[in-house]
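Undergrad: Listed here are the chains, written in short residue letters.
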Amino acid sequence: MLESVIPWLLAGFIAVLLAGMLRRIRLWRAGQPEKVDLVAGLMAMPRRYLVDLHHVVERDKVMSNTHVATAGGFVASMILIILVHGFGLDSTILAWALLATTAMMFVGATFVYRRRVNPPSRLSKGPWMRLPKSLLTFAATFFIVTLPAAGVLPEGFGSGVLAFILLAGIVAGLGEMLFGMGWAGPMKHAFAGALHLAFHRRSERFGGGRSTGLKLLDLDISKGQTLGVAKPADFKWNQLLGFDACVQCGRCEAMCPAFAAGQPLNPKKLIQDMVVGLAGGTDAKYAGSPYPGKDVGNATGSPVEVITEGLVSQETLWSCTTCRACVEECPMMIEHVDAIVDMRRFLTLEQGSTPGKGSETLQNLIATDNPNGNDPQARGWWAADQNIPLMSEKKEADVLFWVSDGAFDMRSQRILRSFVKILKAANVDFAFLGDEERDCGDVARRLGDDATFQSLAKRNIATLSQYKFKRIVTTDPHAFHCLKNEYPDLMEDSGLLKNGWEVLHHTRLINELVAEGKIQLDALTSAGTVTYHDPCYLGRYNGEYDAPRDVLKAMGIELAEMERSGFRSRCCGGGGAAPITDIPGERRIADMRMDDIRETGADLVAVGCQQCTAMLEGVVEPRPEVQDIAEIVAAQLVEIEQPSESIAKEVA
Amino acid sequence: MMLHSKLSSNPAKNYTVATLVSVGKHPKSGRPRRSDQDSKALELALNMDNRSVHVIHAGDSSDPLRQSVLREYLGMGLERIDVTRQNANSDAVPALVERLKMLQADVVLTGSRAESGEGSGMVPYLIAQALGWPMVPAAVEVTAAGDGEFEILQALPRGQRRLLKVRAPFVASVDSAAAESRQTAWASGQRGQLQEMAIGSNPDEVMSQVTVEPARKRPKRIASAKKAKTAADRFKAATAKSASKGGAILVKESAEEKAQVIYDLLVSQGVINKKK
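Taken in sequence, the protein lines are chains S and D.
652 is the number that my numbering gives the last residue of the first sequence; the numbers go up by one with no jumps.
276 is the number that my numbering gives the last residue of the second sequence; the numbers go up by one with no jumps.
Hints should not be assumed to be uniformly reliable.
Calculated from the model, a selection of chain D residues having no Cβ within reach of chain S, i.e. all distances over 10 Å [claimed, not checked]:
| # | residue |
| --- | --- |
| 1 | R33 |
| 2 | G119 |
| 3 | A185 |
| 4 | R218 |
| 5 | F235 |
Just the calculated beta-carbon pair ranges, DEER-fashion [unchecked claim]:
| # | chain 1 | residue 1 | chain 2 | residue 2 | range |
| --- | --- | --- | --- | --- | --- |
| 6 | D | R234 | S | V620 | 34 to 42 Å |
| 7 | D | M197 | S | E492 | 37 to 45 Å |
| 8 | S | V39 | D | M197 | 53 to 61 Å |
| 9 | D | A237 | S | P622 | 37 to 45 Å |
| 10 | S | R411 | D | A237 | 54 to 62 Å |
| 11 | D | E180 | S | P46 | 40 to 48 Å |
| 12 | S | G356 | D | I262 | 38 to 46 Å |
| 13 | D | E180 | S | S121 | 36 to 44 Å |
| 14 | S | G356 | D | A177 | 19 to 27 Å |
Quick caveat, the hints were computed from the structure, so don't treat them as lab data.
Predicted, not measured: the structure shown is a model, and the values here were computed from it.
Glycine included, each C-beta is placed from N, C-alpha and C at the ideal position.
Bound-form chain S, shown alone:
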C-alpha cells in the first residue's frame, strides 16, 4: 500500500519544489543585470563546491565530515529514492545502495543533532533547530521503507499503524528537504548555494585565486539611475542570489571585529536582512544574534523600498572596517563587504549622509588631495633631509616609492625614513613623486565616494604614466591594495598595464633584498618576545603572509603568533574609514587587538602598516611596543662596504 503512495508523494513534492525554485529565481531576477557565463558557471559548480568551498568548510574538521556525510548521503539517497521508489525499479543492488546512503545520512545527521544540543551563540536557532530532526526522520524513514526492496523484510511489510507512521515520516522528511528547499526553509541553502557558486560575481576566487578589489561604479547618471544600492533590487541579481545562500552558521559573526566591539553590526544579520529585503517582509523570524544594541523584529523591507529606511540602520553599514574577515570565513563565499560598500555608495553619493568626519574628509580629498586638508605643496616636506631623487627630475628608476598620506603624519614619517634608509643601504635605484603624488583614493572609496576615488585614481595614473619604472613599492597596504587591485580597472589606456603593473609591499622588497644579500641584518636579541600583526589589506586582501615573517626570521626573531593571525588576523579597527565615521560601540577594536597581542606575552609587536601602527599605539600604556617592520629592519642594518664606484659618486 505504502509503495503505491510514495511515487505520487514524490511527484507532488518535486512539483512543489520546482514551483518554489521558480519563485525564488524570480526574486533574484529583480536585481540588476550582470554578465555571467551561465553554462561555464554550471559546469564549474561541482568543482567549486567539492574543492574551493570544501577548503573553507574543512577549517572545522568535524563539521566538514558531518556535512559530507549528511549532504552527500542526502543527494545520493534522493536520486536512488526516485529510482527505487519513484520509478519502482526492481533492483536489489539499488535498494542496498539506498540503504547505505540513508545510513550514511543518518550518521551525519546525528552529528548535526549533537551540534544542536548545546549550540554556540553564533548559530541561528529557530527552524535550524528543527533541521537535524528532519534529517534524522528522512534518513530513518527511507531506510525502513527500503528494507523490503532490499529483501531484508518481506514484501508487504509496513501495513496498518506502521504504514501511517512511515507515511508521516516520509511527508515530514520530504517536506523539510524538498518543500523547504524551494520555499525558504533551512534547506534553501542547498539550492541557492549551488547556483551562487555557479554564478558567483567573483569567479576569480575559485581555483585558489583572489579577487578583493571593489568593483568600479558606473558614474553615468544620464539615464536616471541612482548611484549605489538604495533598494534590494539595486543589487546585481547574483548578489541577491548570494544572500540567499547563507546558512546562518555565524562564522562571520564570530570573526567580525565590529560585532565583538559591540558596534551595531552583525554580518550574518545583515545578510539575513538582505534576504528579508529581497523577499519582502520583516525580520521577526530571525533567530540569531541581533545587531549589538538593537532589537530584532523591527526591520521591514521589500525589493523596492530603500534599505536604510526601515530595514538596516545607517550605523550598521558604517560600522564595518572592510577587514574581509567575514568574507574569508564564509563557507558559502558570500561577499559581505561588496554589499556594504554598495549601500554606502548610495548614502554618500545620493544622500550626502556620511557620518562623523566623513563629509570633511571627502571635502579635503577633493580640495587638497589628502584627507586632512594639508597643503598639497607640503607633501614632500618629510623628505627634505632625505635627498631622495624626484621622479619629475629623474624620469626613470627601477623602483618608484609610493609614499602615501603617511607623508603628513610624524609617526608615519619615522616608518618612511626607516624604509628610505634600507633602500639606500641596498643601493636600490629609486625615486618618489614628491608633491605630484595624491591620496590613492582608498578612504574615499570605502566611504562610498567612488567619484572622488576615480578622480584621484585617474590623476595618479596620469602622473605615473609619465615616468618609467619597473615596480612600485609602498609602506601602506591600503595604497598597495588600491594600486595593485583597483587601479587596473581604470588603466586600460594608460599603457602602464602593457609593461606589467607590479606593485609591492615594502616587506616583500625588504625580503628580496635580504635574500639577495643586498642588505645584512644583525640578529635582534634585545626585543624580548615579538609577535606580528597581519594588516587586513596586506594579508586577507593580498595574501602577503610570508614576506613579513621571513624578514623577521632573518633577524633571528621567533614569532610568538597570536591565535588570530594570518588569514584569521583581527582588524586593528583602522580600515574602511572606520576611524573617520567613528560609530560608537562598547569597546574599541584596537583595545581588543592589543589584548590578543598581550596574550602572547609579546614585548614588541611588528606591524606592516602605518594605519595599524597608529591604531595600536593609540591603546593606552602600559602595552607592548609597536614598530613597523621597516623600523625594526633599519635599526638592525649592518653596514656593508660599498663598492668604490658608488662612494665616488657620492663624493662627486
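Starting from the known structure of chain S, fit chain D onto it as the hints suggest.
TA: For chain D alone, coordinates are given in the frame of chain S:
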C-alpha cells in the same frame, strides 16, 4: 509695499529666501571650493520653514572647475542655481541687484566675505544699499516670526549672541559661527541644473587697476621681550594674554565676606535669584 502685503496676508509662510553663493578658495591648496560662509548661508536658508530658496551665483562660470564647485552647492539638495554669467573681473553687485529685483526676494542671505577676489566683505552692504533694505551682519540663525518679521540671532565676539527682530525685506550676512553646512551629495549635484541668465557684465574698475596676490598671515605682533631669567619666562612674557580687569582678590577677609562676594556675583550675572 507689495512685498509686505504678500507676507502679511499669509504670515510666516511662503516667503522667498535668496542665497548668494560664490566660488571659494581652499586656504591651503588655493583650489576652487564651496565657500565656507556661503555654504553656511545656504544651510541656514535650507533650514528655514515654509520658504522657497533661490540660489544665485554671479560670476565667470565657464571654467569647468568653477562649475564643479557650483555643483557642490547643488549637491546640498538644490534643483537649480541661477547663474548670471559675468566676464572675468566684472563687478557682480549690479547683476545681483538686478536679479534680486526680478526675484522679489524677502530675505537675502550671503556670506560675510568672499574667499577669492577682492574679499572686501562689501557685497551684502552694497546690495542692501542699492535695494534700500536693512543689512544685518553676522547672522547665525534666521527664523520667521510671522507678520513679515524675522528673528535673527546675531553672533557677537566671544561667543555672545543677540536676538534681533527685523522686518522683511532685508539682507543678512552669515557669520562663520553659524551651523556647519550639510554634506554635498555628488550625484544630486550632477543632476541639478545650472540655469544661465543673461544679465550684462559691468567691468570692475577697481579690480582692473590692481594685482591680486594671495593673502599671507601676518606674524602676530608680540610684546617687546622683557628681561627674564629663563627662555620660558621670556616666552611667557611675550605671549601671555593681559590679565583680566575688574574683580577683587580676597585673601584676609572672613569666610562670610568671601561668600557674600561670590553670592553677589552670581546674582548680578543672573545665575541665581536674590532671596527676598
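Undergrad: For each hint, tell me whether it holds in the structure or not.
TA: Hint check results:
The claim that R33(D) lies off the interface is violated: its Cβ sits roughly 5 Å from the closest Cβ of chain S, which falls inside the 10 Å cut-off. For G119(D), the condition that its CB be more than 10 Å from all CB atoms of chain S holds, with the nearest at approximately 18 Å. A cut-off of 10 Å between C-beta atoms contradicts the statement that A185(D) is not in contact with chain S; the least separation is 3 Å. For R218(D), the non-interface assignment is confirmed: its Cβ lies about 19 Å from the closest Cβ of chain S, beyond the 10 Å cut-off.
No beta-carbon of chain S is positioned within 10 Å of the beta-carbon of F235(D); the least distance is around 23 Å. Our hint of 34 to 42 Å for R234(D) and V620(S) holds, since their Cβ atoms are close to 36 Å apart. M197(D) and E492(S) have their C-beta atoms about 41 Å apart, which keeps the hinted 37 to 45 Å range intact. At roughly 58 Å, the beta-carbon separation of V39(S) and M197(D) lies within the given 53 to 61 Å, and the hint holds.
Hint check: A237(D) to P622(S), Cβ distance near 39 Å, so the stated range 37 to 45 Å holds. The given range of 54 to 62 Å is broken by R411(S) and A237(D), whose C-beta atoms sit roughly 34 Å from each other. For E180(D) and P46(S), the Cβ-Cβ distance of about 57 Å falls outside the hinted range of 40 to 48 Å, so the restraint is violated. A beta carbon spacing of about 41 Å between G356(S) and I262(D) agrees with the range 38 to 46 Å that was offered as a hint.
In this structure the supplied range 36 to 44 Å holds for E180(D) paired with S121(S), their Cβ-Cβ distance being about 41 Å. Against the hinted window of 19 to 27 Å, the Cβ-Cβ separation of G356(S) and A177(D) comes to about 22 Å, which satisfies the hint.
Of the numbered hints stated above, those contradicted by the structure are hints 1, 3, 10 and 11, listed in ascending order.
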